[in-house]
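*Asks:* From first to last, the protein sequence lines are chains L and A.
Heads up, our numbering is the position in the first sequence plus 220, with the first residue counted as 1.
Heads up, our numbering is the position in the second sequence plus 118, with the first residue counted as 1.
Read the hints as simulated data drawn from the structure, not as lab findings.
Wrong hints could be hidden among the right ones.
[What the hints assert, rightly or not] Here chain L is said to cover these stretches of chain A; the calculated rule only asks that three of the stretch's residues, wherever they fall, bring their Cβ under 8 angstroms from a Cβ of chain L:
1) 173-187
2) 192-200
3) 207-214
4) 218-224
[As the list claims (entries may be wrong)] No more than 27 angstroms apart at the CA atoms, straight line, and that leaves these computed lysine-lysine pairs for DSS-like:
5) A:K270 - L:K483
6) L:K226 - A:K234
7) L:K232 - A:K234
[Stated by the list, open to error] Negatives, chain A to chain L, calculated, CB over 10 angstroms:
8) L130
9) G168
10) D246
11) R264
12) E269
13) K288
14) F290
15) K299
16) K337
17) K344
18) L346
C-beta: ideal position from N, C-alpha, C; glycine also.
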Amino acid sequence: MIFLRKLLAFLKRDFLINSSYRLSFLLDFISIFASVATFFFVSKLFGEGASKYLEEFGGDYFSFVLIGLAFSGYLSAALNSFSQVIHYEQSEGTLEILLMSPTSIGTILLLGAVWNFFFVSLRVMVYLFLGWLIFGFNLSKINLISSLVILLLTILSFSALGVLSASFILVFKRGNPINWVLNGISRFLGGVYFPIKVLPQVLQKISYLLPITYALRGMRKSIAMGASLKEVKVEIACLTLFFLILLPIALLSFKLALRQAKKHGSLLYS
Amino acid sequence: MIEVEGLSKSFLIKRDIFHFFLLPRRIYALNSVHLKVNRGEALALLGPNGAGKTTLLKIICGLILPERGMIKVKGGVAYFSGETYGFYPQLTAKQNLEFFATIYNLSSHQIRERIKNYSQILEVEDLDKPFWQYSTGTKHRLSLLRTLILEKEIIIMDEPTKSLDPLTAKEFRKLMQRLAKEFKKTILFATHFLEEAETVADRIAIMNRGEILLIKNIKEIQTSLKDLYGEIIKNDIS
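Bound conformation, chain L alone (with noise of 0.2 angstroms):
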């Protein structure tokens, strides 16, 4: 209970300062469209060309970019938020007052980046929405109960990415090694502009080892070709298995990370 109210209380809070930067909340969402309609006149262009690297997901260069896009919001949310909760807080002054309260920091940080998910989400559904409305891109075979574990997992695996990017942040301030690798990296070899068929193999392979292959590759099966949870067996076990390994090595390192900012005094300083 104590907790559900606490999360009403960030969520209330985010909600209220960003919906008091109107302009960048409208801009955004022009963004998206000049993002969907510009991916919609590159698959045209391709045409039929690129279907044998897209039978897999229905053959639709449209249908496999738009999920690529939306979804892949998630990995730049838990990537950046976690880290954003604390530089936010220090630069407002607020973070002495939350840390001494009886709210634990790791519950903070969680707290504190819901409204980013929660805004990604939003962010998916207007993706998703406007190529539905506007470029047709089809949403009849969605199967709902395979893409929200796919989207749990795929949360879950990326937070923990994020909870190892805010340990660096709380030592190095600057200069996120893990945040720029993986941003990086996974734009380029997770799948989200073009099949990871097309890559070498070598690149393949270490494709394989990025949990945004698996989070999209599920997420295009369950929406665009309506994959039951049994078809996507081996996204979910490889996210699971990301998770479960990550977690554990992500509040290890934050752990030590907070330690060693309270030894340097340098948590209260961006």
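Got chain L; can you put chain A on it based on the hints?
*Replies:* The following block gives chain A in isolation, referenced to the frame of chain L:
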């Protein structure tokens, strides 16, 4: 009650890019500090910049880890900074207060009651403006209002009147006196203003270079506090 025994803390200061070849420099912020603040007492930490006052306060608050020493704190602690208010500028004062009170596990009923009671005591009337629109003096009061709403026994204040004009600072000191006398709070505050220490504190502790040089009851000071402070700091430097 706060009890600190043999507290030491040092920081490693990295060299800038032009002196990367030199080893990091270690500075001692606190050196075997002993201090006791009794329940219901107001103690002022006096000292020049870099004396270690803020480090000591933040260690007591649990925001920085000490290297050596022991800290015993009996009762909940609330922190007040005269430099950063720690409010979200876009939210109204009320929205800010409600948010922090929730994070501190207060129920909705407690939040409503306490905001109403303490805002009357502190004479803060309009809580529905965005925080950035308030004057500096009112921001101080709002920050103090949050401290009161949390109803902690101990209040740690870092330079509470730092950015206030002399008149507003005087008003604010009266509020600090009320906290100590009327609300029986234990107050530990760092300040540069001797007048503030004299009017609010029961005892003063003079710090310099990470050490407490003197702890004295305000009533026992024979000469003026200004002379005593000057003498202590001058002797320490020489």
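*Asks:* Given the hint that L:K226 pairs with A:K234, does the C-alpha gap stay at or below 27 angstroms?
*Replies:* holds, 21 angstroms
*Asks:* If you look at each residue in the stretch 218-224 of chain A, do at least three have a Cβ nearer than 8 angstroms to any Cβ of chain L?
*Replies:* holds (count 5)
*Asks:* Classify the label on A:R264 as holds or violated, using whether its beta-carbon is more than 10 angstroms from each beta-carbon of chain L.
*Replies:* Violated, since 8 angstroms does not exceed 10 angstroms.
*Asks:* Regarding the assertion that A:K337 does not contact chain L, is the least Cβ-Cβ distance greater than 10 angstroms?
*Replies:* holds, 32 angstroms
*Asks:* With 10 angstroms as the threshold, tell me whether A:F290 passes as away from chain L on beta-carbon distances.
*Replies:* holds, 18 angstroms
*Asks:* Within 27 angstroms, alpha carbon to alpha carbon, are L:K232 and A:K234?
*Replies:* holds, 21 angstroms
*Asks:* Closest CB-CB distance from A:G168 to chain L, is it above 10 angstroms?
*Replies:* Label holds. Min Cβ-Cβ 14 angstroms, cutoff 10 angstroms.
*Asks:* Please check whether the beta-carbon of A:E269 is more than 10 angstroms away from every beta-carbon in chain L.
*Replies:* holds, 13 angstroms
*Asks:* Closer than 8 angstroms, Cβ to Cβ, for at least three residues: run that test on the stretch 173-187 of chain A against chain L and report holds or violated.
*Replies:* holds (count 7)
*Asks:* With the threshold set at 27 angstroms, check whether the alpha-carbon distance from A:K270 to L:K483 stays at or below it.
*Replies:* holds, 26 angstroms
*Asks:* Confirm or reject: A:D246 is not an interface residue toward chain L, with every Cβ-Cβ distance exceeding 10 angstroms.
*Replies:* Per Cβ check, A:D246 is outside 10 angstroms of chain L; nearest 13 angstroms; holds.
*Asks:* Classify the label on A:K288 as holds or violated, using whether its beta-carbon is more than 10 angstroms from each beta-carbon of chain L.
*Replies:* Per Cβ check, A:K288 is outside 10 angstroms of chain L; nearest 25 angstroms; holds.
Violation of the numbered hints given earlier is confined to hints 8, 11; the remaining hints are satisfied by the structure.
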